[in-house]
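Peer 1: Since chain E is already given, all that's left is putting chain R on it; use the hints.
Each chain, letter by letter, is given below.
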Amino acid sequence: MNRFTARLGTWMEEVVKYSRYVANGGLLFTLYFTLIYGAFVYNNFLERIDGTFPGTWIAAGVLLLMPLGHRPRTFIQEADQVFLLPELGDIRSYMVGVRLFNLVFAALRGLLVLLVLLPLLVRTESYTSIEVLSVVVTMVMLSAAGRLAKVEGVREWTILPFALVSGACLLMDWTAWAWVPAFMPFVFLHVKRNERIPLLHWLVLEEKSRAQFERVISWFVDLPTLKEEVRERRVLTRLLENRVLRRVDASRYVYGLRILRSNDSLDLILRLTVVALIVMWMSGGWYVGLVTPLFVGLTALQLVPLFKRLEAISIVSWLPITRDERIAGYSWWAMRLLVIQSVVLVIASVAFGATWDAAIGLVLSILVTRYYLSRLK
Amino acid sequence: MLHVDRLNGGYLGKQVLHDISFEVKKGELVGLIGLNGAGKSTTIKHILGLLSPLSGKIEIDGETLDSSEKNYRKKVSYIPETPILYETLTLQEHIELMGKAYDVNPDELAARTKRLAKEMRMEKQLAWFPSVFSKGMRQKAMILCALVTKTPLLIVDEPFVGLDPLAIRQLLQLFDEYKQDCAILMSTHILETAERHCDRFVFLHQGVVIASGTAAELRDVYRLSPDATLDDIYVEAIASEERSS
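Chains as they are written, first to last, in this note's numbering: chain E, 125 to 501; chain R, 789 to 1033.
Keep in mind that the hints are not guaranteed to be accurate.
What the hints assert, rightly or not - Distance windows between CB atoms, simulated: (1) R:923 x E:328: 15 to 23 Å; (2) R:1002 x E:203: 43 to 51 Å; (3) R:894 x E:320: 50 to 58 Å.
To be verified - Stretch by stretch, here's where chain R covers chain E in the computed footprint (C-beta under 8 Å, at least three residues): (4) 374-387; (5) 441-450.
To be clear, the hints were calculated from the coordinates, so they are not data collected in a lab. Computed from a predicted model, the values in this text were never measured in an experiment. Beta carbons are placed, not taken as given, at the ideal position from N, Cα and C, and that holds for glycine.
So here's chain R without its partners, still in its complex pose:
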C-alpha cells in the first residue's frame, strides 16, 4: 500500500532523512519507532506531501504526488500528534468537511460517524465547537475525522498522547478493525502498546532505517532471547548502531 524508496529529505538546508526505504502492506499496522529527533515526523511529513523530498520515491496504492496530487491525497488520512481543528467548525461539520474532501458517500459517512462516535463516546460532542473540548477530546475528534474517511492508508503520529486508558484500548480496537482492508503507519514511543498491536516495526535512528521486521525477526537479527521485549530489542538496536558508528 505504501512504498517509500530511497527517500532523502528534510528541511530547507538541513537533510534529516538518508536513503530511507520501507513499505506498509494492506492489512498491516506498522510501527515507526525512533528516539526524539530520529526523523519520524519528518518521514510522515514527506509521505503526506507537506515536505518535498530531495530524492527518492513515495507511492501510495500506485499513486505518487507527482502523478496526481488530488488522487494521492485521497488515499491517505492523518492523525497528527497535536490536534489541529478549526475553531469555527463543530465536530460534525469537521466530519462533513472530511466527507466532502474525500468524496465519501453522505449516507455512508453518516453511518460511519454514528458508529464511530458511539464507540469513542463522542456522540454528544458532535455538535460542540473545539473551544470547549478537553485535550483528550480534541485528540479523539482528530481520530474520528481520520477514521470516517476509510482511506487505504492511515498515518498516525503518537496517537496515545492525552488519551485515557479506556480510549487507548478503544482506539487500538478500531485500528485492528481499520487495517483489515487498509494499512496503518503509526509513530509511537509507547513500545509496550506497539509490541502488542503492530505487525511489523521500522526502527529509525538519526534519519536512517537501522532495522525493520516483525518482533521475532528483530530478535533474531540482534540475537536476543525469545522473551526479549520490543523495549529490549530497540535498546539493543540503538546500542548496536552506536557501536558500529
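Isolated chain E (complex conformation):
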C-alpha cells in the first residue's frame, strides 16, 4: 500500500467515525429541518418564476464563483517536514493521488451546486439536452480547475477569465460551447504543475482544509483543539472598548473580544443572517416568520461548541474566574447577539410579508436561544 492510499484510508476512517457522531447527535434534526424547509421554499419560488427571470445571468454568476473558495486536502502532516524530506523527489504516486482526490471532490461540489441551479435553468430557459450537458461539464470543470489551481500553488483568480468567457457563452446563447473555455485552465495548470511535492504549501492547505472539516464537525461534537481565524476589527473594537469592554468583568472582557474577532462567532452570525434574509425573500411570504427561529437556532447551535473550545486550553483555567462566571460571561454576549439577530430577522420577516407568524417566530427564537445556551453547563 503506498503512502497516499494509507492516508486516504485513515481519512476515510475518520470521516466514518465523525459521521457516526453527527448522525447520533440530536442536533442533526435542526439541519434536516433547515434543508427540508429550504427545499420547500425553493420549490415555491421556482413555481412563481417564468422565462423573464434572469436565470442565465445567475448561472453565469455562479460559474464565476465555482473556482473560488476551495480548501483542497493534501494529507500532508507536520512530521512530513522531517520524515518525508528524503522521499520528496520520488513519490509521484502521492501527488497523482492528491490531484485525483481533489478532482473528485471539486466535481462533487460542482454537482451539488447544479442540484440547485439546474431546476432554475430548466424553468427559465429552453435548453436542449446537449446544452444541459454542457452546463454540467462546464460547472464541474471550473470547480475542478479552481481546486487544482490551489493544489499547484497557482492563484485561483487566474481561472476567473476562463469562467468569465464560459459565462459569456451562456449569455450569448452559445451554451453548447461553454465547456471549451472551461477546459483551457487544465492546459495552463498542466504546464504549471509541481514536479515534486511543495511540502510547506501543501501543509498549509491541509491545515486550512482540516480546520474547515473540524469546524463543521464541531457543531455536533466537541473538538477542543479546533483553530480559529482572527480578524483585528479595529473600528468595532474601539467602538466597544469605551462603551462596554472597559466596564465589564474579566470573563465578559475576554469572551467579548473573542466573539468580536473570531471567524466562528460574529462572522457566523452575519453569514447566517444574510442566508436567512435570502430564504425569506425566496419564501414569498409563506410562513416567513418561522425562518427567524430556524436561523437563530442554527446560530446558537454553533455558538455552544465555540464556548467549549474556548474553555479547553486557556489561561482562564488558572485565573481567579470561576466556571460559573465564565459561563455567565459567554452567555451574556451570546444572548445579546442572538436577540439582536432575532430582532433584525423579525423586522425583515415583517417587511417580507409576515404577520402573526413574526410574533411566533420571535417567541420561538427566544426559546431556542435559551435551550441552546442552557447546554453550556
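Peer 2: Just chain R, lined up with the frame of chain E:
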C-alpha cells in the same frame, strides 16, 4: 506564603505525588528540582487547583481552594512552561484581562505594564497579536502577564525555555525584585542558574520530596565539600535515594 502539607495526588487512576510537604516563605525564591517525570508539573497543577488532591492540604497566604476558590486564585499567578495566549487578544488586552481578573487598580496596572514592558523590551509588542510573536516573545508575554498582577505567590514552570541570555538575566532581576514582598516557586532544570538565584531548593524524585533546604544545608546532609555545586548535590541526592530504595 505557600504551605503544602502531606499532599497525595496525581491523575485519574495514577497517583504521582506521595506525601509531599514543603513551604515557600515571603521573600523567598524556592527552586523545585527534579528529573523528567519527578512530579514537578503535577505539584504545580495541584497548587494551581487544576488537579484535585487525593489527600493533604495546600494553603496560600491563609486561603485554601475549599475556603474560597476566587480568593485563593487571586493570590497566585502562574507562568507555564508552554506559553498559552489567546490568539484573539493583543498583549495589551491580555494585560487588561489580568488586571480585571486580579482586581488590579487600572492606574497601577498601567504603571506596572509600562515599566515591565520597557525592562523586558516588549513595548512595541504590546499592540501585537500573539500570532506574530516568536517563541521567546510568547514566553516574555506570559511573564509580563504574570508579573503585572503582583500576587503574593508566583509559580514559574521552566521559565528560561526559549529566552535569550539577555532576557534570562532580565527575568532573574525581575524575580529578585518581585520576591521582596512576595514568594516565588520555580521549577527548573537549569541548576546553575537556580543555584545562583534560589534561596532554597526542594528536590523531588518519583513523586516524593527527597530533600529540601539551602545549598549549604544540602551539602551538609549529603556530606559534600563546600565547593560542591547544586549539580553535584542533586546527583548525590538521586544516587543516595536510589541506593536506599
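Peer 1: Would you mind marking each hint as holding or not holding in the structure?
Peer 2: Evaluation of the provided hints:
1. R:923 x E:328: 15 to 23 Å: Holds, since residue 923 (chain R) and residue 328 (chain E) (Cβ atoms, about 19 Å apart) stay within the stated range.
2. R:1002 x E:203: 43 to 51 Å: holds, 45 Å
3. R:894 x E:320: 50 to 58 Å: Since residue 894 (chain R) and residue 320 (chain E) have Cβ atoms about 56 Å apart, the given range 50 to 58 Å holds.
4. 374-387: holds (count 8)
5. 441-450: Since 6 is at least three, the answer is holds.
Comparing the model with each numbered hint stated earlier shows that all of them hold.
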